[in-house]
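Undergrad: Next come the chains, spelled out residue by residue.
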Amino acid sequence: TSFLQLHPFIASPYKFWLNVIGIKNEPLLSGIAEIFEIHSLAIEDIRNNQQRPKLEEFDNLVLLISKMLYTKGNISEIQTEQVSMVIGKNFLITFQENEFDLFDGIRTRLENPLGKMRKLGPDYLAYTLFDAIIDEYYVLLEKLYDKTEQLEDLVMANHHKSLLSQIYRHRKSMQEIKKVVWPTREILSSWKKSESTFLKKKTQPFVNNIYEHSVEIIENLEMQRESITTLVEIYMTNISLRQNEVMKTLTIIATIFIPLTFIAGVYGMNFEYMPELEWKYAYLGIWIFFVLTTAGMVYYFKKKKWF
Amino acid sequence: TSFLQLHPFIASPYKFWLNVIGIKNEPLLSGIAEIFEIHSLAIEDIRNNQQRPKLEEFDNLVLLISKMLYTKGNISEIQTEQVSMVIGKNFLITFQENEFDLFDGIRTRLENPLGKMRKLGPDYLAYTLFDAIIDEYYVLLEKLYDKTEQLEDLVMANHHKSLLSQIYRHRKSMQEIKKVVWPTREILSSWKKSESTFLKKKTQPFVNNIYEHSVEIIENLEMQRESITTLVEIYMTNISLRQNEVMKTLTIIATIFIPLTFIAGVYGMNFEYMPELEWKYAYLGIWIFFVLTTAGMVYYFKKKKWF
Amino acid sequence: TSFLQLHPFIASPYKFWLNVIGIKNEPLLSGIAEIFEIHSLAIEDIRNNQQRPKLEEFDNLVLLISKMLYTKGNISEIQTEQVSMVIGKNFLITFQENEFDLFDGIRTRLENPLGKMRKLGPDYLAYTLFDAIIDEYYVLLEKLYDKTEQLEDLVMANHHKSLLSQIYRHRKSMQEIKKVVWPTREILSSWKKSESTFLKKKTQPFVNNIYEHSVEIIENLEMQRESITTLVEIYMTNISLRQNEVMKTLTIIATIFIPLTFIAGVYGMNFEYMPELEWKYAYLGIWIFFVLTTAGMVYYFKKKKWF
Amino acid sequence: TSFLQLHPFIASPYKFWLNVIGIKNEPLLSGIAEIFEIHSLAIEDIRNNQQRPKLEEFDNLVLLISKMLYTKGNISEIQTEQVSMVIGKNFLITFQENEFDLFDGIRTRLENPLGKMRKLGPDYLAYTLFDAIIDEYYVLLEKLYDKTEQLEDLVMANHHKSLLSQIYRHRKSMQEIKKVVWPTREILSSWKKSESTFLKKKTQPFVNNIYEHSVEIIENLEMQRESITTLVEIYMTNISLRQNEVMKTLTIIATIFIPLTFIAGVYGMNFEYMPELEWKYAYLGIWIFFVLTTAGMVYYFKKKKWF
Amino acid sequence: TSFLQLHPFIASPYKFWLNVIGIKNEPLLSGIAEIFEIHSLAIEDIRNNQQRPKLEEFDNLVLLISKMLYTKGNISEIQTEQVSMVIGKNFLITFQENEFDLFDGIRTRLENPLGKMRKLGPDYLAYTLFDAIIDEYYVLLEKLYDKTEQLEDLVMANHHKSLLSQIYRHRKSMQEIKKVVWPTREILSSWKKSESTFLKKKTQPFVNNIYEHSVEIIENLEMQRESITTLVEIYMTNISLRQNEVMKTLTIIATIFIPLTFIAGVYGMNFEYMPELEWKYAYLGIWIFFVLTTAGMVYYFKKKKWF
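Chains as they are written, first to last, in our numbering: chain A, 877 to 1183; chain B, 877 to 1183; chain C, 877 to 1183; chain D, 877 to 1183; chain E, 877 to 1183.
Please note that a few of the clues may not be correct.
Put simply, identical chains are the same to the list, so a pair is met inside one copy or across any two.
Claimed, not checked - No more than 30 Å apart at the CA atoms, straight line, and that leaves these computed lysine-lysine pairs for DSS-like:
(1) Lys1178 - Lys1124
(2) Lys1019 - Lys930
(3) Lys1068 - Lys1054
(4) Lys900 - Lys1078
The set of hints was computed from the structure by calculation and includes no laboratory data.
Make a model of the complete structure from these sequences and hints.
TA: Here's what the structure looks like:
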């Protein structure tokens, strides 16, 4: 908590990584800002955990703001965590709100005194952290895929009213991910093109690599979005088809029995002079008529492929 | 009201801010135009309160036209107020139609003789004012979100005819905001790239900052627009589902009772030779037939998952 | 009609404006083409009144083809009139098919010997004419707005079949306007970037001004197009809602009366052994049954919010 | 057929045009390829009559592949014919599969020894041929318009099932044309920007001219495509409106007669104690009741504007 | 398997092609990486068979990752196989997971000691392999066309529920192909613009050629996608039309017989005073009334073109 002891490090030729947890700790942040001469706007961006991912070059350092995306269970509850990195000449400072263990593997690799991370500069370390963050996006993508496939099966099989709101929530999840990944691609594109002295040429192929990852994630998101759009169409068509089926049932029943009921009604009339009423086989005849009419109707509907 | 007293200021090394209220005051505007040598086209743009936001560089000054957006209550009644800024070597002139208190905070900060605003030039002051304007956009965005969520709940729950016209009005509000924010982004992009001597390099990181805000606002608007499109889809599907339900009710009732009515009609016929009529248990039998047929139908519909 | 007398003007230091009416007058056009050394392709473009608006730079002059849009009454009958301008070193030639009075105000301003138009070159005059043409577009835009609002009210209130073809015609009007305004923006963009000696730097801010007008018109057209798309959606949903209402009426009536009719039919049967027929209060009882059933149904539908 | 006699021409200062008919004639093509030193890839493109239109610059010549589009009768049967042009220093070679008379007019103009075609180089001749090809596109566009208008009238008037497949075929025709015109625009854009010595500066304004034609054709295709999309919407709405009408007819009839039939059924019951049956004016009264009920219903439907 | 023997080749002036099968063979890959000094990121990309197609330039070589697409039978089961190529100064190394015979023809051509492949460098060989891969895409495209046409016929003829899921799967196939072809175009575009010493200028026209193929494939995919979208529309309209037909059948039957049944019901009432019952020709008259009403109805429906 005493910042004075950091001063000798800055001037020293040693490279070091400072991991700051708790971006709401005002005195801590302003202390660090003062020692490392971080621009007031950069500190403001670090403090604001609603910040859009970005890469900004200042005279004495580079600011990179990225977002961790993770989910504890269901894909519809995506959590966001902001990770800001300040890349200087011989130091990397990372800021995060809560402590989490995503970077543990990197710490282990860092302890290896002959590792690439020790040889290359703080920008390479920043790349490694960013790489770990983007690898997590793939985990989310996988879960999105699973959910899409699950919705697919549901849409193909039935048509509960709730399905549509599930699809709606699924789309919202995609939007949330896209909202983070889209500017991430921009960041990486800027990094690739950057001529800052703090982002060395040697790190470029690595950055290019995760740039391609971000492009791939975006493409996959787009493809899933399209699939979802088609799913909604299928869902709506299924509703129409079902309504069709209901209508056909009604029409078949009504078309067969309404005329028969009329005929029955005719012979239920009380006119005094109705010669048929006295015929001996009239009743048998009318039943034959009923049966033949029904058979004819059924044949007609079969021919029209109504059932 | 006498402009002569302004002359000494212009030549002096002091920086000053002139806030002009009432853009319809012709002599005031032409007086200021003459003293500060403002191009006739610039004055025309300032006077026309339907002007699209823009940044234009003249030889002796920079003209920036921005729009305040605010709402007194409901999000569907967005008010627009034009704020034009003329940035010169050592002065900033702002023009507005009505007086409002958005800039009060800035005035207070300006009174601090050691503040950054005093040290940096009039372009920094212009940035500060613009920043305050864009911060107001976030307030609107928040209200838009609330309205979208409210519509979401309504769409999920019911299907009043008025819902669609509410959605329609909501979309119009978005369009109105977009119409202002879109050119605002362009302005800020021009400012970032500008090489005018009146827009100093030192102000650039700040401008970059609000440029990103404008990008973020546009992204959020786009995302909400997408959500609204999906909402309309859900709304229309709900109508279809409801119609389906109505149809099913009709079909179940009709399919059960129309055949039964026919049978009842048959035994209401007045033929002389109808042997069943005299059978002792015919009436009982026909009721058993009615009940069994109905049960069969209900079972059939249950199996088809109609209810 | 004798072209020879024009020759001395061309070589003279005087600026002049030649307004040619009747682009079908072949000898007139070829005469002018010869004197002013207008490229054969330019003359062809002037002659063809179906020409897409454009700006083309030749070695000795600049050709600008624009379209007047106006309507005598209804917005659905837009008239187009081509105005071609040839801007040379010290002359402006305008070609139009029919005489019209749009440029009268400009002629008056031109007569003022101290006016800006006299001081600035023929490109400024061309700008003034173009400005007058674009101002007319706003008149059309206003009429489009009125029509859109009228359609809005109609769609909200009813659903005549003819409404859709009205919307269709309205969209076609928009397309026609867009077809002219879109290339107009391109022209103005080219003019802004042009390095032709005939398009002087001093005119640039003015051109920039009408360029922004054209951008604004296009944005407004896009916004109206979106509104119209939403209107069609609302219209179709209204049809669905109405169908829903019709279906509900049918279903309520049928669901209440079909079962009752069945019961009435049962007691209309002629079986000999129907004990109920002889009960004293059977008829009263059946009416009570009818009333209770109906009340139950009505309660059920009310609970389901069907009416 | 003997190629040797061509050799002296190539070295000569004369310009010439060689029109090759029959791209399947292998020895002919390879002969020409050898004499004029045409790159093997160019020859392959010429031979393949499924080639996408393109302009390619080689060291010693320029290859331009274009497509003739024409139709003998119906717009739905578009024929494609590939015309490849090889533009060299002093020669133009055109390759086509079949002989057709589109270029006859050009041949006549070419015979005029003082014509522009003779003065300007082979690239101008190529432009002339290309211009003739693009003029043919306008003929197709005209036919597309006619078909669109015809479909418009049909959609407005009726709703045969076949209409939709007609629209589908119409869209396919548009796609086919677009598939050719889109790369044609690219070709012309390349030509405009080309710095090849074989495409001279003097021809540029002419190329610019047909470039604009291609842009116009594409814009028109897009506008027609939009119209067609709207037509499909109108068609589907018409189906809905018609269904609405059918439903209303059914509902009116059913809503009026089902309750009346119930009443008639009630008095057809055979209960022994039904006091109304013996009333003198019961039968008259019931008819009055029937008529009043019907009148009330009709009034209700009229008020609801159902017919 | 002993890599040592490769060393002399690398330094030698001979060009050679090394085809590595089995990208999961770790020691093999790391051996090759060491000998040819392949960057660790390149090896990682080669090993990962989910890699997006790409072209990456390293200091000492160029990495090209492409995807073979093929299908054994049905178009809905597309198989993907990754082919990575490493282009060095005098060598080409290809990596594939399984052995397949697509490159057999190339091997044969390679054995010709005077062939173009022997004269030109390893980049030309890479082009040849890539060309063979892209030629296979056309085979898939052909199959896609066949499937689209088959779906077209099915949609025009009937409306099975399964049709929609077939269309859905068809769209997914297109997406899969697009996912590979889209970055392929990018690769080829990079190759065209590349200034790497390993990608020689002489190979450019050939690369340009397959670049155009990839553009064409993408255009065709887009066109088919549009066709499919239209097909879905037609399918949904067919469902509506069919529902219309069902509704009409029901309405015609109900509208004719419901009123007649009412009339029959009226004369089935048991009122004591019903004068018509005793008329001599009442029964005949009512039949005449029935027939005339029906005829009138049928005439009315015919006039309304209901059948």
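Undergrad: Take the hints in turn and mark each one as holding or not.
TA: Now the hints, each set against the structure:
no. : hint              : result
1   : Lys1178 - Lys1124 : both (12 Å within a copy, 17 Å between copies)
2   : Lys1019 - Lys930  : both (26 Å within a copy, 26 Å between copies)
3   : Lys1068 - Lys1054 : both (21 Å within a copy, 26 Å between copies)
4   : Lys900 - Lys1078  : between (35 Å within a copy, 28 Å between copies)
Checked against the numbered hints given earlier, this structure breaks none of them.
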